[in-house]
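J.: Line by line, the protein sequences are chains A and B.
Under this note's numbering, think of the first position of the first sequence as 356, with each following residue one higher.
Under this note's numbering, think of the first position of the second sequence as 7, with each following residue one higher.
Please note that the accuracy of each hint is not assured.
[Said to hold, decoys possible] Residues from chain B that face chain A, not an exhaustive set, calculated with beta carbons under 7 Å: (1) Trp79; (2) Tyr80; (3) Pro82; (4) Met148; (5) Val152; (6) Ile155; (7) Gly162; (8) Glu170; (9) Met181; (10) Ala185; (11) Met188; (12) Leu189.
[What the hints assert, rightly or not] Heads up, simulated DSBU-like pairs for lysine-lysine below, C-alpha to C-alpha not over 35 Å straight-line: (13) A:Lys504 x A:Lys650; (14) A:Lys387 x A:Lys650; (15) A:Lys720 x B:Lys115; (16) B:Lys115 x A:Lys724; (17) B:Lys121 x A:Lys709; (18) A:Lys796 x B:Lys175; (19) A:Lys390 x A:Lys504; (20) A:Lys786 x B:Lys382.
Quick caveat, the hints were computed from the structure, so don't treat them as lab data.
Idealized CB from N, CA, C, for every residue including glycine.
So the chains spell out like this:
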Amino acid sequence: MDYSQFGSMIPELIVLGIFMVVFLFDTFSGEKGKKILTPMATILFLLGTIAIWIVPASGEEIFGGMYVNNTATNAIKAILNVGVFIVLLQSAKWVQSDEVAIRKGEFYELLLVTLFGMYLMVSARHFLLFIIGLESASLPLAAMVAFNKRHYESHEAAIKYIMTAVFSSAILLTGLSFVYAFSGGSLYFSDIAVNINRGEMSGLLLAALAFVIAGIGFKLSLVPFHLWTADVYEGAPTAVTSYLSVVSKGAAAFAFFIIFVQCFGSVYSDAWEWMMYAVIILTITVGNLFAIRQKNMKRFMAFSSISQAGYIMLGAIAADGLGLASMMFYIFVYVVSNLGAFAVISTIEDNTGKLSMDDYNGLHKTNPKLSFLMTLAMFSLAGIPPFAGFFSKILIFTSVTGTGSWALYMLVLIALINTIISLYYYLLVVKAMWISPDEPKIGNFESGRCQRVSLVLCGAGIIFFGLVPYIYQYCYDAVMNSSDIIASIMVFVFR
Amino acid sequence: MFENILIWFVVIPVIMMAGLGLCRNSNMNAIRAVMVVCSTALLGLSVWLCCDFLRLRGMGVDDEMLFTGSWMWYEPLNIHLAVGVDGISVLMLLLSSVIVFAGTFASWKISPLPKNFFLWFALLSTGVFGFFISIDIFTMFMFYEVALIPMYLLIGVWGTGRKEYSAMKLTLMLMGGSAFLMLGLLGIFWHSAPAGGQLTWNILEISHNASIAPEWQYMLFCFTFVGFGVLGAMFPFHTWSPDGHACAPTAVSMLHAGVLMKLGGYGCFRIAIFLLPQAANELAWIFIILTGVSIVYGAFSACVQTDLKYINAYSSVSHCGMVLFAILMLNTTAMTGAILQMLSHGLMTALFFALIGMIYGRTHTRDIRQMGGLMKIMPYLGVCYMIAGFASLGLPGLSGFVAEMTIFFGSFQDADLFHRIFVIAATCSIVITAVYILRVVGKLLLGPVQDEHHLALTDAAWFERFSTVTLILCIAGIGCFPNWINETIQHSFAPIIAAVQSAAL
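Looking at chain B on its own, in the form it has when it is part of the complex (with noise of 0.2 Å):
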């Protein structure tokens, strides 16, 4: 079982638990030593993973999923452990590892109970992990709502203004969701062989079987499809998230906006569209519709927020929104830009989230009439805020302008009026992404300074410089050679796309 390298994404942060929880609390050398150690770890692993990845791609390996294994679990009802990644799932890891490591450094100083807090940031990314890593539904889902537990107590104790009320509204909500995704897995689970066959919870065996009935697949496609879409932000159901973000602490925002609301995209294209490719085909407009609206109503809910972490909830909303969308379009062009726009969203907000956490560690307040000329004050954070703006609102050479102008040629595709209409809406959204960034930037580093206390304030330290310059990097590196992501998904779409199609017929 170990010797395949994709359970060592699970079993890697089972390990930092096993050794936080024999640090003590007061040990914050030996809990920085822990986290450091395994973040790194799986770092080095998920780099590695997408090199041998690209290898064997080149070698013309093309089966739709790579480093595949599956272990018996819950033998009466064909319950398995099994893993595997096609390109996506591997760009996920990559992303999420990314992020756990810039998010340990942003958490360097956390205090009180860092042993505490940081198992349950363990807790958190053995779910992250081990949902990109199943093909397993059962799996799959058991790693989804392990990733969403521990955010109640993250949020709940180490968060900063209304918390408790935030915690429980953001887990109440997305176990919500995930009570209406499970109806649809047990659907999915019951009708996934034809009669007499052996029922499985595998998705390619699934979709191999294809034998959901379309009035089934209907109903199962607005579970699965709503049970993601509430970690996607998808707009009726997107209100736990400025109220979640705004009260996490730092490495928690950077986790849960650049990685989980990842895991509603991820799910809803996997399983939602992959599995029952009829119901996509026919009921995708009522979702083009909703994440019509989440894109627009959250850029314009962002230019009224006062509060950086509000603005940039909202601004995750409109552009989670954006990932959903292109995905329903049902077309590789768009999916495609709905890779790289999760990867730039993850990146991308968890940069924002991070500089938001070091101002607000310094001025003490997020409210961005309080602030002003930070450019000078600490250039460094600055310089830093204006790239993530400017990657928000899709400068060329960064990663948002590369994942939002492959969404909209892609989204273009479809000829019919509906998609037109909707898709000049969502495209209007990036003239209104521009106005809200540029109205903070504005206000927050260049306006004058609006409390003389501000002047004392210091810039970053060493650390985080570190996580940021990390972040900063791997954005400029997507948007400088989108072409590398392009290779390492363009295997992926095949099957779903053809499950798809040959669903239309």
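Pulled out of the complex, with its shape left as it was, chain A reads as follows (with noise of 0.2 Å):
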């Protein structure tokens, strides 16, 4: 075997060495060299994202074909690695907290573990390394969401992750066995589109979409396969739950794209144009008509999340490079929206351990620059200019309208029509913290250096990458560029 191969795959090197170092230093440090670990594990992750988003890729295809290092998967790695680092700075406070402090390497670890899984999935080619990828993507986020491991809550929502993660693998893997039978006996991405263009449209080819979707959707939290999102999110640490609700998203958001335009694209208008079509309305409604009743701020932002999927899955069904570019921008936006308003939650829980929505009333008088945080970040997920939520929106629309058929226009008038209903429950937390009359339940207190880093970082995110087009930008060019991905779609176009 050619060991040189491994070279190509930069990004998973990178994350692989940061893993190695932190647990090298995490096993035979002392108590004294612990300290420094929370700091070392940050700024190290830093570099390797910058070093990510910087060295370009080389798009060879190894292993045969299985994994492959383009333009946009390395795109959408620096993507995820953006959340993740946000994350770091946001858990920088809990993991030092008493009862986790013990374990903060292991905390770390995992971390990397399931990114590096996520990678995996990004970059396959081929369904063995793609299930590789989801499996060590799943299971160490259940030891992370039990990682709280004396609430009760937290090991309720571990169980109920690992149970829905393992049935949806297995739902996944069922799906995949009938796609096999149609494959002619391979699992590579590019022999299976060949093979179903060939064939007909049959039962068990629907039923095989069926399945995938139904696997992988598990992951995205899509309706009717979310039962667990709520549960899990406010079991889970806070820094967990904005790990589950974004990074963990994008990649599988990224992957269902790649395998249902790679392997799928030919039986697009057949057969999973109109599943996804009734997936998506049932998710962003659903999502949308769970979240205005809900008072626990991480159930209020479950179930946001959960149609916010909704949304960036129009890009999966607009289906053509400027859909997975509009999707890999939309991602962006909602890694520094959703992580901004869970940076203000987590600070909040972290400083008062206060965590319903009646708490924030009032809350501008004591915390206005946090108030002011939240604003912006509710704002940008319910898609208002200037700021960042309403380009990703709008861009994600356009996409989708420009297959130019009615049914996807009424597709994307019903989203519209859900954004106004989003925008009603945000407003419900603008509401709380500016207008509600109430003293304020939440005292004045100071929040962590790290803390405020990624306060600044989401704040800043949100306002200027709406506006100055860079990574839209850099997205579509990472698109375009990837020449793979662009020649599915055309022959998928042009089918």
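Each of the two chains sits in its own frame; use the hints to bring them together as a complex.
T.: This is the structure:
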């Protein structure tokens, strides 16, 4: 075997390197050394992120085409890394707390392992590698969800998460075994694409696609596979919740796009367009309607993130280069906006332990800056200009309507009407903070240094990355320069 | 980029926000200084723009848009930041800056959180100015939404009465309108060029290409017209307006009724009719019915209200309905009237709301049954209120007369029965307007004093006088010299009328 092929896996090698350093340091350092573990991991990760962002991707396929590192996968990895970096900053205070401090090394290790798994999901061009990535992204996450080990809710959440993760993997594997029946004995994406194109549509293929959508839909918490979301988000430590809600979702959405366009692109209008059509409408609407009634901020964010996942999947139903670029941009904006909201939630939770929306009443009197940032994050999630969320929404809508079919115009109309519903409940938070006449329940406090950095990063991202088209251009160029994705989209468009 | 004068209409409010960001909430003088300097700069800029525009037109420059500029923004989708003005936008900019200027003085003593109030106020004005300078529908839509969302906090935090309910209702209804609008704009974009051509968001290019197929035009026209019509308080979608205006603080009511509702009319005119002329020809009758209803219905509703702000809000529904009504007549005279009505209504409603705010600040009630004889107690405010009332019912010499006469002359040009019936119905609203205006004036200003505590109240302070005098001068200016407005806008209708007529053939 030619070991030099590993040299092409630059992003994976970087994360693996950081993992090894953290792991060895955690194992062999003494009590004193452990104090610098958090800054060390954070700084190393920052350097790694910058490296991935800058180093150009080779674009070559290795291991006989199982793995590809092209500009698009590189860009989505860089975007995921930004999310993880912000999560690391947010969790800095929580990992120092009494209960967790002794195990903080494990937190970083598990985090990096799951990230590594997501990288494989994104880069895989063979279902075996994809499954390996998916599993290594799911199972350690359950351990992270259970990280507050003295809390009953944390255990419950972990059990729920692991059960659904295993169950969804089982469904996915069933679906893949059906796919295998059509693929002429290969699990390479490219082979499957060719063979499915030759075959006739059949009930078995529809079942296979439904199972694959269900399997990945669990990761993305698409309705009707979302039932675990609220409980897990509520029970998990806040840092893990924010990680689950953005990073793991972003990776799964990208992988979904690649699988469905590269493998099943030729049966787009026959099979999975209408399936996704229904799933997206359900996801956006159900997520929104349930979010209205939530009082716990973490449950609230859980339902809001369900509906956001529906918007992300609009990029998949557009199924072209513009759709993928808009989807990646949406993921980026969702990362900064959602993490901005979680930064405020976790800062308040770490300092006062309060999590209910009623506790936010009158917040601007004691914490004007946190209220301001939360307002920005809520406006951005609701898609209000001039914040980044507006641009990501409008660009993804543009890409969907680009196909010109009436059905997709109606889908956009439904999504747009849903943004009004979502605006209602996002404004409820704003109302609690700014308009409610109650006396503030949360006192004035100093937030930690890392938390402040993460708040500033998210705020800056929300304000600038819509007005400055850099990120969108970066995603668009990345997609357009990935020859394999473009080639499969072209096949698919001119089928 | 910054050598283009129009960009400064957005840059100055941004500077205003940055300046306010540096002030402290407790330092009222610094906040006022920033606001006064920047709003004066905006006023000066728009006056200068107006003069320059007239000078260029006088020199025989007859491009559709002047001062154009275009900078690439989102390249993959060909989104530009494109600016340009014709006579209509120049006047709208002038109107907006007058009202922002007057609004600054009308909210001289705002509390609590004056800094945050003016921050959102500045964001609102950024949206308004940006909307009027844009000729790229993407940026236009963005500025449109920028102007909507600060209303939520401005009403919710600084409003009075049922403010949480009204703020939420207003925001959701307007955003619902903009959802329809968004879909319409996306449709326009994807059909903006013949097959294989470069798609564009630029209004001028879209209208030159004229490539939107009729069956698409019908759907898109309905979406865009309803989208803008919600903000223009068109009949079934007007319900946000009375609640919103009644609960908003003074300066916000002024800006909202004075300028923001004009965004609706301007948008219908610039996008729905200009870009989708064929649908405008064939579907105008639907909206003529709706706007006809809002004119009469708004006027009747105003007759039975007892809250001063509700009276004005319903009268706004009636007057803004007239703007849309005139635009839909699709001829030059009626459209000139619509523009005059936008200006006239903007100024006189702003004056009304400023005066109501001042009266409410003293009497702490807006119920006309609990007030009376204010002319004796505060003669200055009383006289101003009368002037505003007369402008509203169309006294010659004030702006309302010019606007309404032009609208009715223009509308009567369409000779078929359907149009005639609606024009006659709309004309009747003048009488109803007289009823509710005279009722208020008689009860509020001339009747017996209802509450002896009111006898101790003071008349207007200097900043209040300043704000009202500015507005009254503008109203009288339009009423006495409507010709210069005609001169400014006379070239602006030609492309739109040409588009509509060529589509009708």
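J.: Now look at each hint and say whether the structure bears it out.
T.: We went through each hint and held it up to the structure:
Because the beta carbon of tryptophan 79 of chain B sits about 6 Å from the nearest beta carbon in chain A, less than 7 Å, this interface hint is met. Look at tyrosine 80 of chain B: its Cβ gets to within about 5 Å of chain A, closer than 7 Å, so that hint holds up. Taking 7 Å as the C-beta cut-off, the interface hint given for proline 82 of chain B holds, the closest approach to chain A being about 5 Å. Restraint check, methionine 148 of chain B versus chain A: the minimum CB separation of about 5 Å is within 7 Å; hint holds.
The closest approach between the C-beta of valine 152 of chain B and any C-beta of chain A is roughly 5 Å, which is under the 7 Å cut-off, so the hint is satisfied. Taking 7 Å as the C-beta contact cut-off toward chain A, the hint placing isoleucine 155 of chain B at the interface holds, the least distance being around 5 Å. With 7 Å as the threshold, the beta carbon of glycine 162 of chain B comes within range of chain A, its nearest partner Cβ sitting at about 4 Å, so the hint holds. With a cut of 7 Å, the hint placing glutamate 170 of chain B at the interface with chain A holds, because the nearest CB-to-CB distance is about 6 Å.
Given the 7 Å rule on beta carbons, the hint for methionine 181 of chain B holds: about 5 Å separates it from the nearest Cβ of chain A. Using the Cβ-Cβ criterion of 7 Å, the hint placing alanine 185 of chain B at the interface with chain A is satisfied: the shortest such distance is roughly 4 Å. A least Cβ separation of about 6 Å between methionine 188 of chain B and chain A falls short of the 7 Å threshold, and the interface hint therefore holds. Nearest Cβ of chain A to the Cβ of leucine 189 of chain B: about 5 Å, under the 7 Å cut. The hint holds.
For the proposed pair lysine 504 of chain A and lysine 650 of chain A, the alpha carbon gap of about 25 Å is at most 35 Å, so the pair holds. The suggested pairing of lysine 387 of chain A with lysine 650 of chain A is violated, with an alpha-carbon distance near 42 Å, which exceeds 35 Å. Distance restraint check for lysine 720 of chain A and lysine 115 of chain B: the Cα-Cα separation of roughly 20 Å lies within the 35 Å cut-off, and the hinted pair is therefore satisfied. Proximity of lysine 115 of chain B to lysine 724 of chain A is assessed by CA-CA distance (about 24 Å); at most 35 Å being required, the pair is judged to hold.
Proximity of lysine 121 of chain B to lysine 709 of chain A is assessed by CA-CA distance (about 29 Å); at most 35 Å being required, the pair is judged to hold. The suggested pairing of lysine 796 of chain A with lysine 175 of chain B holds, with an alpha-carbon distance near 28 Å, which does not exceed 35 Å. Between lysine 390 of chain A and lysine 504 of chain A, the direct Cα distance comes to roughly 22 Å. Compliance with the 35 Å bound is thereby established for this hinted pair. Restraint check for lysine 786 of chain A and lysine 382 of chain B: not satisfied, since their Cα atoms lie roughly 42 Å apart, outside the 35 Å limit.
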